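Next come the chains, spelled out residue by residue.
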Amino acid sequence: MVEYTDTELMITRAARELKNDDTVLVGVGVPNLACNYAKRRHAPDLEMVYESGTIDSNPSKLPLSIGDPVLVTNAGGVVPMLQGFQHYLQGGHIDAGFLGGAQIDKYGNINSTVIGDYDDPDVRLPGSGGACDIASNTDRTFIITSHSERRFPEEVDFVTSPGYVDGREGREELGLRGGPEAVITDKAVMKFDEGGEMYVETLHPGVTREDVLDATGWEISFADDLGETPTPDAEGIELIREDLDPDGVYTGTSD
Amino acid sequence: MVEYTDTELMITRAARELKNDDTVLVGVGVPNLACNYAKRRHAPDLEMVYESGTIDSNPSKLPLSIGDPVLVTNAGGVVPMLQGFQHYLQGGHIDAGFLGGAQIDKYGNINSTVIGDYDDPDVRLPGSGGACDIASNTDRTFIITSHSERRFPEEVDFVTSPGYVDGREGREELGLRGGPEAVITDKAVMKFDEGGEMYVETLHPGVTREDVLDATGWEISFADDLGETPTPDAEGIELIREDLDPDGVYTGTSD
Amino acid sequence: MTVVTDMADAVSSALSEGDMLYLGGFTHLIPFAAGHEVIRQEYEDLHIGRATPDLIFDRMIAAGCASEVTFSYAGNPGVGSLRAFRRAVEEGVPNPIEIDEYSHFGMISRLSAGAQNLPFVPLRTFVGSDYPEHNDHIRMVENPYESEPEEIPVVPPLNPDVTIIRAQRADENGNAQVWGITGDITEAAFAADTVVLAVEELVDEDVIRSDPNRTIVPGSVVDYVVEEPYGSHPSYAQGYYDRDNQAYIEWDEISQTQEGIEEWLDEWVYGVETHADYLEKLDTGQFIDLLPKSNYATPIDVGDY
Amino acid sequence: MTVVTDMADAVSSALSEGDMLYLGGFTHLIPFAAGHEVIRQEYEDLHIGRATPDLIFDRMIAAGCASEVTFSYAGNPGVGSLRAFRRAVEEGVPNPIEIDEYSHFGMISRLSAGAQNLPFVPLRTFVGSDYPEHNDHIRMVENPYESEPEEIPVVPPLNPDVTIIRAQRADENGNAQVWGITGDITEAAFAADTVVLAVEELVDEDVIRSDPNRTIVPGSVVDYVVEEPYGSHPSYAQGYYDRDNQAYIEWDEISQTQEGIEEWLDEWVYGVETHADYLEKLDTGQFIDLLPKSNYATPIDVGDY
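Residue numbers (this note's numbering), protein chains in the order written: chain A, 1 to 255; chain B, 256 to 510; chain C, 511 to 815; chain D, 816 to 1120.
Please keep in mind that the hints were generated in silico from the structure rather than gathered at the bench. Treat each hint with caution, since some may be false.
Restricting the straight-line Cα-Cα distance to at most 20 Å, the calculated cross-link-like pairs of lysine to any residue (SDA-like) are [to be verified]:
1) C:LYS803 / B:LEU317
2) A:LYS61 / D:LYS1108
3) C:LYS803 / D:SER1025
4) B:LYS316 / C:ASN683
5) A:LYS39 / C:LEU801
6) A:LYS61 / D:SER1109
7) B:LYS316 / C:LEU800
8) D:LYS1108 / A:LEU62
9) B:LYS316 / C:ILE759
Computed list of chain B residues with no C-beta within reach of chain D, every gap over 12 Å [as the list claims (entries may be wrong)]:
10) ALA298
11) GLU302
12) ASP374
13) ARG405
14) GLU410
15) THR486
Keep in mind the model is a prediction, meaning the values are calculated, not measured. All C-beta atoms in this analysis are idealised placements derived from N, C-alpha and C, irrespective of residue type, glycine included.
The following block holds chain A by itself, in its conformation from the complex:
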């Protein structure tokens, strides 16, 4: 039995969602690790695009931000910001994208703008960045986050990035491309049903239904064939610890 942290499990599980011929819009932190992990393991041709306009980046070390110079050196291309959003994202060339947020609701709508009232906020968050744009124009989006009731309210305070809005039909009627594909937390992996509502597909080893229900702001349902999330292998753990994040910047703690 290989030992792993929650974050390492989230990285390896998220990496499985990426296919060899995907073009992925990478975020920093855990998504970045997941993408680089996938590229080293099963998806060598994975094309990593960053919202700063670097195309097919091959970072020699872990970038701290989405605009680090290491994403430029040895990249396939670099385009102006406008072209990145217009041609790559809006043009439909991004297969997969990662999103984070302070709140996610049951339709996968994400809030990274504000806790409380927009005009008189309790907590002012950074805002969209490219998130709203990615959520609106990517075939498959993935959310990686820790799992708590605060993070999974029934309704978010502000929709920064639309998920299925009020259901798959709602999203489709609005003319938005794709939609959320999976939510990967430190407790479980969630997918979205035909109506666009989140359900639990697998539980991580040692996590119970009750743990998830307690940490979710609505009565989330579970797959009929509820399974267990596959865990990292020894080779994967070594790759993360020795190579991708040797300083433990992102994997040093489990949140």
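Since chain A is already given, all that's left is putting chains B, C and D on it; use the hints.
Relative to the frame of chain A, chains B, C and D by itself:
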């Protein structure tokens, strides 16, 4: 008395319209000669932009087309076609532009599209290229052409490039920038009055009012202080013949 | 996936009868060899598009490849008329063609709308001209702000079935680098379903990755890559060879009649199997005359991070 | 006419109280030295804009320079919150600020509309989000074609009174060349009334003209040129120096309180006269650590025509 051809007179007269701090959108042929002439004589800082996207070109020899490699080598910049039109032209950074055409009417509207009916043409011309865009977005446009009744009808068969449309007010109401500033032919120099109608400002040496009236499709009026067009000096002729167009590609014949 | 192949295979694999075919490259890197290959494969019902049709469309039209032409300037640049284009429009010779025309700005805006998946893009041109009257693609949209103008022209996307572009160099994945006039190449590639890229030189991936800002088309939108030196002749490739102006001037003579063009095509297109054979027929002296002296860009340091 | 000067003169000449000031550079070439100069000159009522406010806006806000902020991502990249920005929005400390926010795509689209003199540009974002409800600048326009969607969001132009940008190199006329992430620099420059350009190196005009495709801002839109090496520290200049990540992490600590920031400003901004003095205060070791190994781009031949 220096001898000169009609074309040489047109080049030197057109060059006078260009100021040292102008950014000019250059056409090929005679306009190109006029711009290069101005740059060598009185406007060393003249910035020459070509619709192919070359910015501040410094051609070492006469380009045959608006997209020759000589316009790139030693240029200040080269931008994609879209950016040239969006940022430079539509963005309002072009002070002066040159236009040609098969027909020009009394409001300076130009036809370079078709003689006869659009759907069943007598003569199909090349079309707009950048002409309609230049005519719509430049502070001052100049027309250089030979002078004949066929070229100066009261109404053009097709408006490719709007001049004052049906008068200065008409143009302004349409929200078009600037407008035609001068028409320079092998007989005279025409400007536009307060209403936006063309009138003769100067006659070339040896040309009479009747010559111009005979070669114009409407009763064109003449300036109260109708003058004579200034002619090239010896230095100017030498510059054209020795340096700018040594093979006489454009200046070899007078039309 | 990007496939490295030859032009005959790229054209026959990518292009179907009835397709809209766009040839990119504004006055630079015009895909002449590709156009000749389309003629050789005897397509008869293509909707062909280029901002500047140039000699290559004159040849394709005279060869009977085209039923419709989308364009913005149909002239022989610096020389005069495109005579075959005119004969087709004026007299229906060798067959009638429909035309769909714009200003240059209108044309590149259509490609841009296509490249970025927008239903339309606004632009300040066409107002006061006769274009909107003759082209239903040009429409007006109201400005929802309290600013001028109250309404503005828009054009819809142009999405070619196939775009053929050229570049100075690319790697085997189709990451393409161009210097000099870049024109409409990026938009034409992103707007198309299928992209054929022909290059002067196929280079190692390291060459491309040493200067990522130079990449104007990413391999992820390229389907076929063809290495074809001098494939733009008589157009040019900045730093590789000059425009063959003599060929443009001679075309004015050759194209005086449909028969004249047919004879030329028999010798230079139908009479050769590949672009390499076409080059064989040129005089060595032409290659030498067209070669520019070298003039390197000042290097930049991207840094090893 | 472009004037070569120092940053103190450029800022005081270009910027008036009440102006909209945009600092260009998306995560790269952030104009830190310019922002510090704005603080030193004690502006109090600026509308400041950046896609990524970054540490420089946190400092300007804490210094009381700003009454309004237009932005799309207000975070300490890779670290966390912008604490001074949050204090201003949440508590009105040191003064309340208005905010005008977009997604990145919305932000760059506003600059693009400004750069190209359009009343609006359409884009496929904001639908299904709560932005339109809180930002009256985001409106809808009907699609005049028989295509999807029936209506589409648009944003209006953003035209800063003053834009400050940085580049790796420029000539004395202000022709600026950038490699690595070019971001919003071109649009921010074209959209503005007045442009201040700061560069790592002022170079001979021949250097620029040897590689015209590399020019992303032409001198004709630049009003002031300032040579200011390391002027982006703690941000970076590709090929010149790396991002000083330690400084970003330390800011998280320094900015815990308004007082903490004020102390920092006293030492590093008010306490020095110029950016050169600021650099003097850094450890030599930092410069060495941030220096990348060289890694030159493969040369290109533009050709001598």
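Each hint, compared with the structure:
no.	hint	verdict
1	C:LYS803 / B:LEU317	17 Å, holds
2	A:LYS61 / D:LYS1108	14 Å, holds
3	C:LYS803 / D:SER1025	14 Å, holds
4	B:LYS316 / C:ASN683	38 Å, violated
5	A:LYS39 / C:LEU801	43 Å, violated
6	A:LYS61 / D:SER1109	17 Å, holds
7	B:LYS316 / C:LEU800	15 Å, holds
8	D:LYS1108 / A:LEU62	17 Å, holds
9	B:LYS316 / C:ILE759	18 Å, holds
10	ALA298	14 Å, holds
11	GLU302	6 Å, violated
12	ASP374	23 Å, holds
13	ARG405	37 Å, holds
14	GLU410	30 Å, holds
15	THR486	33 Å, holds
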